[in-house]
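**Q** So the chains spell out like this:
There are 8 protein chains.
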Amino acid sequence: LRNGFPEVIYCAGKTASEVEAIMTEMLKQDNNILATRASKELYQQVKKIAPTAVYYERARLIMIEKEVIAKTKSKLLVVSGGTSDLAVAEEAALTASALGIKVERLYDVGVAGIHRLLGNLDYLNEANVIITVAGMEGALASVVAGLVDKPVIAVPTSVGYGSNFGGLAALLTMLNSCASGIGVVNIDNGFGAAYLASTIILQLEKARKEG
Amino acid sequence: LRNGFPEVIYCAGKTASEVEAIMTEMLKQDNNILATRASKELYQQVKKIAPTAVYYERARLIMIEKEVIAKTKSKLLVVSGGTSDLAVAEEAALTASALGIKVERLYDVGVAGIHRLLGNLDYLNEANVIITVAGMEGALASVVAGLVDKPVIAVPTSVGYGSNFGGLAALLTMLNSCASGIGVVNIDNGFGAAYLASTIILQLEKARKEG
Amino acid sequence: LRNGFPEVIYCAGKTASEVEAIMTEMLKQDNNILATRASKELYQQVKKIAPTAVYYERARLIMIEKEVIAKTKSKLLVVSGGTSDLAVAEEAALTASALGIKVERLYDVGVAGIHRLLGNLDYLNEANVIITVAGMEGALASVVAGLVDKPVIAVPTSVGYGSNFGGLAALLTMLNSCASGIGVVNIDNGFGAAYLASTIILQLEKARKEG
Amino acid sequence: LRNGFPEVIYCAGKTASEVEAIMTEMLKQDNNILATRASKELYQQVKKIAPTAVYYERARLIMIEKEVIAKTKSKLLVVSGGTSDLAVAEEAALTASALGIKVERLYDVGVAGIHRLLGNLDYLNEANVIITVAGMEGALASVVAGLVDKPVIAVPTSVGYGSNFGGLAALLTMLNSCASGIGVVNIDNGFGAAYLASTIILQLEKARKEG
Amino acid sequence: LRNGFPEVIYCAGKTASEVEAIMTEMLKQDNNILATRASKELYQQVKKIAPTAVYYERARLIMIEKEVIAKTKSKLLVVSGGTSDLAVAEEAALTASALGIKVERLYDVGVAGIHRLLGNLDYLNEANVIITVAGMEGALASVVAGLVDKPVIAVPTSVGYGSNFGGLAALLTMLNSCASGIGVVNIDNGFGAAYLASTIILQLEKARKEG
Amino acid sequence: LRNGFPEVIYCAGKTASEVEAIMTEMLKQDNNILATRASKELYQQVKKIAPTAVYYERARLIMIEKEVIAKTKSKLLVVSGGTSDLAVAEEAALTASALGIKVERLYDVGVAGIHRLLGNLDYLNEANVIITVAGMEGALASVVAGLVDKPVIAVPTSVGYGSNFGGLAALLTMLNSCASGIGVVNIDNGFGAAYLASTIILQLEKARKEG
Amino acid sequence: LRNGFPEVIYCAGKTASEVEAIMTEMLKQDNNILATRASKELYQQVKKIAPTAVYYERARLIMIEKEVIAKTKSKLLVVSGGTSDLAVAEEAALTASALGIKVERLYDVGVAGIHRLLGNLDYLNEANVIITVAGMEGALASVVAGLVDKPVIAVPTSVGYGSNFGGLAALLTMLNSCASGIGVVNIDNGFGAAYLASTIILQLEKARKEG
Amino acid sequence: LRNGFPEVIYCAGKTASEVEAIMTEMLKQDNNILATRASKELYQQVKKIAPTAVYYERARLIMIEKEVIAKTKSKLLVVSGGTSDLAVAEEAALTASALGIKVERLYDVGVAGIHRLLGNLDYLNEANVIITVAGMEGALASVVAGLVDKPVIAVPTSVGYGSNFGGLAALLTMLNSCASGIGVVNIDNGFGAAYLASTIILQLEKARKEG
Ligand SMILES: Nc1ncnc2c1ncn2[C@@H]1O[C@H](COP(=O)(O)O)[C@@H](O)[C@H]1O
Ligand SMILES: Nc1ncnc2c1ncn2[C@@H]1O[C@H](COP(=O)(O)O)[C@@H](O)[C@H]1O
Ligand SMILES: Nc1ncnc2c1ncn2[C@@H]1O[C@H](COP(=O)(O)O)[C@@H](O)[C@H]1O
Ligand SMILES: Nc1ncnc2c1ncn2[C@@H]1O[C@H](COP(=O)(O)O)[C@@H](O)[C@H]1O
Ligand SMILES: [Mg+2]
Ligand SMILES: [Mg+2]
Ligand SMILES: [Mg+2]
Ligand SMILES: [Mg+2]
Ligand SMILES: [Mg+2]
Ligand SMILES: [Mg+2]
Ligand SMILES: [Mg+2]
Ligand SMILES: [Mg+2]
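Protein chains in written order, with our numbering: chain A, 1 to 211; chain B, 212 to 422; chain C, 423 to 633; chain D, 634 to 844; chain E, 845 to 1055; chain F, 1056 to 1266; chain G, 1267 to 1477; chain H, 1478 to 1688.
Hint data in this document are derived by calculation from the structure and do not stem from the laboratory.
For clarity, every value in this text was computed on a predicted model and none was experimentally measured.
The reader is advised that the hints may include incorrect statements.
Unchecked claim - Simulated crosslink set (EDC-like; lysine to aspartate or glutamate; CA at most 16 Å straight-line):
(1) Lys-1339(G) with Glu-1392(G)
(2) Lys-631(C) with Glu-416(B)
(3) Lys-284(B) with Glu-429(C)
(4) Lys-497(C) with Glu-421(B)
(5) Lys-917(E) with Asp-755(D)
(6) Lys-1128(F) with Glu-205(A)
(7) Lys-488(C) with Glu-440(C)
With the hints as extra help, turn the sequences into a complete structure.
**A** Here is the structure:
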């Protein structure tokens, strides 16, 4: 994307020694490094070869920052429903931040108590791109997209049980929203939502320069 | 339920002559008669043996009223999202009416333009029971249930396409709602929603008398 | 709902320290507190900050009662099929009780031995609202709804194996019942059933007063 | 099975001329002939080459009887729920009859009005094998199997809509029944149920002779 | 069924102390007792209150025999595909035996090496009822039913991976078999297959007496 | 969005007279009008009240342009796989055009002959936003997203048969892409893809002005 | 593949004039032409521009042969279960023939009467590659693959009803076969099976030359 | 297949002592032995009775080579997408090798960075048969099959999360590929892919000899 744009490792399904091998190679370059879906145990091991590595437990992210990356002028808002969606919301917010994006958060604004969302319309109005993270039935995405005319990236989470079928309920909600302007990513894919946001914001930053 | 409570025929999958035979039998009694899922052709034929029969095309209902049924004191509100949900919403509203219930309608208040719903909170506040009818992703049910502390009966409709899978998306939404207080009926089952509402309102009318 | 109506925490997917933080905040108020889907370990920890907390192991509920809540005149009946459905049935019954509702139980009346149910029709006749909890194929809901003209709230449970698909079989049964008057909640959602019952009974109590 | 046991043609997915060709071949033998899933149009054409052919419209069966087949001593009972299940129930009953089995029918005894079934226990008690045909949620099979200690063959029908998913709801019900002693066949497979019954009754007739 | 017919406990989803309580009650009677889906740990505990209890590890069954039950004249054959299906095949065979049925076994005759099955047709010919147990794609049931004119009870097992979807592949195979005469039970339900077989064989034994 | 931004009618599931009524209302304003999922018959009727209406048969769109809308500086590229995907691709391209966006098309570049896509990288490089429309297995979206660092909006189409399950195969492909930067819309939702693109391009145009 | 290898048009989802346009272009070359999924009406129209076109109704194929293509030494066997699978089996056999392959047919050898297959082992033994076409439960593929050590290409067909789910049952059977050596193609994809066979046989013909 | 062709044990779902018993029997013969889906613990135990056994951890294979098997002239290429697919890719490559096939590997050529695949076309061109192993959306199979005219065996892996549904996404992709010439095996079935490849290569080796 820009200077400082990190290299990314997806740790799920890789052994610690595999991740270590990939990272050792990456550490020879000057890029920042972002490792997603990383357990605390993996972090302990990574720390031995990269002492400056920082761990975000809730988001299961390891970050190694070699170069400070200037934040974009364009702003991303991450909106989420309940406490249980925080892991995914933070994966999105911290990834976006690592990708150099200015990020704001509006958490705990689920539709069961819609007045909290309606009382914070300023957040929605000031953002250029919005990521909505929601589990259960995922109705938050529809409500947010109905309130704004901006790109809304919707992340269904696997939070729920029974006929939720591991996030399927929220996924179908987001794909079938009666409000237009929503692009959906995979269940629990906070990383992917942030990455998609970054491709939009890269275009925005270019447009600012080009005029 | 009460005096005037109609007998009901479910016409889907029955031939015209089968419906006619059942109705001929019923017409010997004094009960009102309600026929659901009735085509216009069926109505033409029914009219021959029951000249006072009335047809509600959108709701696909035939009604034969022999005895005027006094309306309940308790009030049912039928809320719906889009124009395409009207057939099911009207099946619910007219069935409830035929069951002797006082019915109000609040239509075209989908979450894509949530201010229309929020601008009509009086309707929600004055009802004893609410039926929400919604297709696509069915988020309306969650929003309504989040706004009130009353029984909400949710009817998913088969309105939509693609990953809607014939109403599955809205059904899962309603079963997984983050707002509590929702009882769900089958996809497109406006009749069933009205019937469930009538069992609640029967209890309410009794409670009024008993104190 | 009424005085004494508890605040509720859904513990699944929250860490013990998150639950503790939320509870500490709640304990500053005078409300009763109900925590659902709580493990025994969580209870041990909660006990440290709320020594009067009571734990219902089978139902996985923690209750903290600060104010005694008077029971309603209206009566809720919780009906269940087999021993394995008890966890969900008790989640419903104890939640309803915590919400201030007069609750009766009719357990172990599955359709494999239908005479036990038929021998207890008094229970069904005396209730204002009925919750039926059933796993396997969930036929109990249909049979109960066929016997009464009252609101029946149906809770499918995930009890079963193979083509049960985690409760899907019972869920579909309840949604497609040939007996009308059933409102369905999510698989294993005993809490939601009780909450929906409470919204009905709140209306009943009001109606008693209003006449 | 026995003398007079018919040859069977499954007409779905075959052109009229293909059926005709197969039948012409069969007519050279002395066997009775049974054609399932046959339309009225097909029957008209068959009549030209087999003038004694009889058509059962509801069951979509064509029968050509060359040899009268003596009925078994063992008795099959076909039980069904609603009017809409009649096509499948009759496919089962008439097929069984064509296979030489003594057949009784107990129709319109769905669980929504369970007293009709309970008032006819004699039928259940006098049968050797029972076929239950039910659509919607298919709970009838569970209730019947709970009342008897005989082989129950369950046929789910595709009667229903929405989350019925073409008979899936009834199929899952029957496979997951809390009452044991049920063997399930494919959705709408009245023929297969009758055939399975005939294999049981063939064993019974043999056992009568062997002692 | 007959004298000596055992009482049955389904242990899945019951705690050891719940099973113990039920058994203590049962032990006051003279009936044999059969406990299905029982772990080795459970057996250790049961042994303390019922020292004559026997455990069949592969089939996960506990049996307590108080009265020796005479075997039937009619014969049940249990056929199975691979080694991995043995747990379910033995649940069926041992349950049937506990129900007083004469049982034979024909194991390891999967269709990948069909000559082993074809070389053992005598087994098929001498049985009155056949249970086929098969996982993976479950084709064994079709082949067996194609070879005989007897009731075939088919048990799909959850053996397999990937698109097997926990036994769904074998289940659908058995429901859609091109060979008629198959009654299907739930995935892994060896008990249910044996129980269904026992209802057929009960009829056979009666027929022998009646003539 | 901007001056000239049209009002939109979704015609599926509305009768001709309902569409006419809505349009008559809209025609009183100065806005352009876009009607999606419109049949040729509907167009004939619309023409009577709006003689300047233009019909795009393949895309099933009716457009009524009252005000010429200046095209954006930012560019949208619509990429599609096979001839059968054209209806959806054109729905996207023409909708975007009606929303005032500069649109280019790159059609018939499916992955079965990947060199056609690779020979047209200029198109990809010059666009600000890309919509990929693909049926069958939908792999085109992954390949395109792997080649660029721009927002890719993926539209699965229902083109295919058998295990395609009405577009499910392509939908899952797009949600699970190993290439990041993809936002997915519903199956066949060309309109929604264009609308999402317009929300991004609106931000781009603003950014150009703001700098 | 080789000289004479035809160009292929997949007609489903294309209008007659689109097919005509593509064909007019192709007719300028010397290649043979094969059009799949072609209706009789389409053929009538094609005949006008290509008078030598031949139509195979059952297989829904149009062939235009400009150059006679010499048949391969390697042999393909197409095996099928029932009459209803013929359309797909012929699509495979005729496509393979058009691709220059020596083809044999062994039809009507379903597992319900396995002796017909076992009585024709010579066909299996003399082929280099085998295509098995089967609907219902599709067990034929397992049995064939168990009998030979050759590449078996399995084509599930959509023949069946109820829990067949449009060919899903046969598809899962073939993917989960306990016999190894099976490569599966999409439901009803006779063309694809023939094409895959041709890639194998192309390698065989090359190997014959290379030694 | 040929001299040295190993006997194969599928270890999943077998206890260590069952595997040991089977192996003890096999070790009496001179065949090589291949055990798939074997854990490290199982290997430790096998080593005691077969000290020359070798374990491939990533592929979960145990091999016991008694006779060195000469490699084929025909060549198999195993292509895979990401690091996480290695277990399955190696199961395929090592199995093929144990079956006597000359094997090459082209790993880490996923479509997210398609230039790595395009830069290695020589590998594709020199192979006789190709196995593609891919998880996530599995698009690799389509791209490879689009580039060559050889038999492509596609193995979907269960690598992924959310709407991947345990490999279903990749499976559907491969079955619906717009590129022809693909035979699909079960999810994660590296063994089956290698076995299918060996049946093709056996034919090739024969063809070389026959000419
Ligand atoms: N949580 C995630 N979900 C999906 N894709 C991811 C995730 N994290 C990283 N990725 C993608 O995976 C790539 C790295 O994959 P790998 O080479 O297997 O480590 C990155 O470049 C990202 O595009
Ligand atoms: N639209 C409907 N959907 C579901 N159930 C219905 C509907 N209309 C009527 N019913 C039920 O069907 C019963 C009549 O069924 P039947 O005897 O088959 O006509 C009524 O008593 C209702 O309980
Ligand atoms: N493995 C099993 N699968 C399905 N049903 C079973 C099984 N074992 C026992 N049962 C049934 O469960 C009943 C006992 O259930 P419960 O009262 O819950 O222990 C028995 O009478 C059987 O009908
Ligand atoms: N019946 C069929 N099923 C699947 N793919 C087919 C079929 N017939 C032809 N094809 C493929 O479709 C291609 C032609 O597609 P099209 O260019 O859309 O006509 C051929 O080259 C084949 O690869
Ligand atoms: Mg919006
Ligand atoms: Mg509420
Ligand atoms: Mg009722
Ligand atoms: Mg019984
Ligand atoms: Mg048979
Ligand atoms: Mg990209
Ligand atoms: Mg083989
Ligand atoms: Mg190719």
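**Q** None of the hints should be skipped; say for each whether it holds.
**A** Here is how each hint holds up against the structure:
Our distance criterion of 16 Å between C-alpha atoms is met by Lys-1339(G) and Glu-1392(G), whose separation comes to about 12 Å. The straight-line distance between the Cα atoms of Lys-631(C) and Glu-416(B) is roughly 12 Å, inside the 16 Å bound, and the hint therefore holds. As the CA atoms of Lys-284(B) and Glu-429(C) are separated by approximately 32 Å, the hinted pair breaks the 16 Å bound. Restraint check for Lys-497(C) and Glu-421(B): the C-alpha separation of about 14 Å stays at or below 16 Å, so the hint holds.
Of the pairs offered as hints, the one joining Lys-917(E) and Asp-755(D) is violated, with about 28 Å between alpha carbons and a cut-off of 16 Å exceeded. Our distance criterion of 16 Å between C-alpha atoms is met by Lys-1128(F) and Glu-205(A), whose separation comes to about 15 Å. Of the pairs offered as hints, the one joining Lys-488(C) and Glu-440(C) is violated, with about 22 Å between alpha carbons and a cut-off of 16 Å exceeded.
Checked against the numbered hints above, the structure breaks hints 3, 5 and 7 and satisfies the rest.
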